[in-house]
Amino acid sequence: MCCTGLRNLLQELTFSAKYYCKHNPPQTMCPYSKIKPKKCHILDCSESTCTHGTAPPGSILPHRFFSCKEGTKVPSKRQQNTSLVTSDLLHKNLLKSEQENWSDISPTYKAMTKRIKGKLEELHNMYALNSGSPRMRFGENVYFEENGCIFVSKAGDDEGNADILFSTEDLGFSDAFIQRIRISPDQRYMAISLKSENSEEATCIIMKLGNFPVVEKIIPSVFSFEWAANDVLYYTTQKNLKCQNVFMTTFTYQKHTKLVYTEQDARFFVDIYCTKDRRFLTINSNSKTTSEVWLVDCRHPFESPALVQARTTGVIYHIEHRKDELYILTTDGEPAEYKAILTDNCIHRINLDTCCSGKENWQLLYALEKKTKLVDFEMFSDDCIMFLKKAGHLYLNVISFVSHSVQSIKLPTWACEFELESHPEHTSSTCYFQLSSPVHPPKRFAYSFKENNLIEQAVQEVPIITNCHTTRLLAKSKDETLVPITVFHNKNSKELHRRPLLVHVYGAYGIDLNMSFKEEKLMLIEEGWILAYCHVRGGGEQGLSWHRDGCQHNKLKGLHDLRACITLLHKLGLSQPKHTALAAASAGGVLAGALCNTDPELIRAVVLQAPFIDVLNTMMKTHLPLTIEEQEEWGNPLEDEKCMKYIKSYCPYQNIKPQCYPSVFITAYENDERIPLTGILHYVQKLRKAALDHASRTSKKGNWIPNIILDVQANGSHCDSSWEHSLNE
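According to the UniProt record's numbering, the stretch in the sequence shown is residues 1 to 729, in order.
Hints in this document: simulated from the structure, not taken from any laboratory. Every value quoted in this text rests on a predicted model; they were computed, and no experiment measured them. Possibly wrong hints are sitting among the right ones.
Here are the simulated DSS-like pairs of lysine-lysine, each with C-alpha atoms no more than 25 Å apart in a straight line [stated by the list, open to error]:
1) Lys443 / Lys390
2) Lys491 / Lys578
3) Lys119 / Lys390
Start from the sequences and build out the full structure, keeping to the hints where you can.
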């Protein structure tokens, strides 16, 4: 799930990193994305105090070993060392060459850069700074974060009288941003995760609150954490992009930390969250296709976790709790899309050994329609809110547990993204959320359970976007499948066939294209550009089946979809090939790079950010931290020859050939461990050589040689940079 699925099943107090990062953390933190980390300097000040006490429900595996494929010759130690030295030297030479090339080229765009930067800063000040940060109410207290500080005030009081609880600068974390906050049930402790833009790992700081808040503990390399009780914190640790261990730590009486769960399968990623009513803490172990959940009773946090349902290949499920009953979102059964399930066993003083019986006790409450995406889900005391996406439109479905009815509300047609605000109190009578699009700044809405209506909240004066037209199209792919496209353009634009077009694509991991508000998208609209978002197979825009139809042996379907989308746009008079650019990031680079090889005549330029463009070589290297986990998305070429040939048929790096390529601009990160820089360096060199070879073989008058530019950023992590760095880019 985008950052691991139904992000707001989490009962969380999360201050979105969008106020500090240009890119949306739920995508960049997703454990299923094709990416890797860097060591964070903010981890250096802390030490692990964990002592491994009791044994976890699953046994702990020793260091994993990967055997060589049968028939493979194992090189000698000397050969290995020589190869490593040679490879390292080649890498350094290629990097130096590209850095010099960038230094020579970048001054050419100085005037353009200055103009664009000024415009973006103007838009940022106009929209982003007016959005504010969320206010979270716990009882009589309201917590909020601004400029790296966390404040608390009494509900109804002037926020000018708020007390400061935490400051990143005062504690020496000035270049880190606050990623997540959890307040203990009695509000005596606060756990905060801090993240540097140069790392995907976060540091967890536990503050003891009171008249003079003090740092109680610092825990390095933490991914997720939740309070199981007033002084009992559960957390997962992250190492090499993997989360496989869950620890429990206490802060009063006999202070101690112990390991409570270890995941044995390298394909699975572990995170934790609390149910909305805080009755249970759930330990969730998920691969891309399968999941398993263990429950910790928050009334008895020291008891061993209990299994809800043993993992079944191809079945994903998530747990919520309400009034002594478990509610389960699961893909079990046909069709293999999400369904809401009620267990038939009531839970009192939980005897989890007998209570958590199997699927035979599950009762179907609600099933999604075909080609419908469950975007998010929130449980309240008498109602359940589901946010759905169907045919490009957003819907809000309200399931009433009192009247046993379902109400469906179509949200405004301009809306493409939503962000559900945290609701710490499950008894709340109102659900708050924000709607946005690439060119529409976030607007706050509220759904009242009492009034059964949707209300647009009055906010600070923010200019309303009125000159942008939103269109939804369907392109017919090679196999007759209809592929959605969302198009934005200025209502006042004339002769659209002459306008520049920027096409966006992703198509992997079941993740939707990021369509949240970006200042640069609005700037392009104002300057007459057309923006198109192609929701190709492999992404998640039309449910789980949409993803399955575009992964592993179906990857080429995503490429066929992209080709059909761009062809339709041109056919309808929305720009033309010589004015068309294609943008993609991370795993979206697979389809973008493949299209450059198969249909270069459709586009004039390509912009790639930290692109995954060497699928075959990457999936052959089992020592990389994500290779085993990624096999459910790309296949296993080491053990399946058909898979190897199939990946080779579309892999961007493998299919470069002398021809007239579009111009290519790539941004990469020097320490990006998810997308190793070496692969991008080799791709750029090979692509540039192919373009020059083609030019030298043809003698046409005015023969065009594309610009192929690589900008290697020394700072920043995978597709995740600060506003300042993103602005410079």
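(message) So if I understand the rule, the pair passes when the alpha-carbon distance is 25 Å or less; does Lys491 with Lys578 pass?
(response) Distance of about 22 Å is within 25 Å: holds.
(message) Next pair to validate is Lys119 with Lys390; report whether the Cα-Cα distance is within 25 Å.
(response) Violated, at about 35 Å.
(request) For the pair supplied as a hint, Lys443 and Lys390, confirm whether the alpha-carbon distance does not exceed 25 Å. (result) Between Lys443 and Lys390 the Cα gap is close to 21 Å, so the pair holds against 25 Å.
Figure legend: structure checked against the earlier numbered hints; the only hint not met is number 3.
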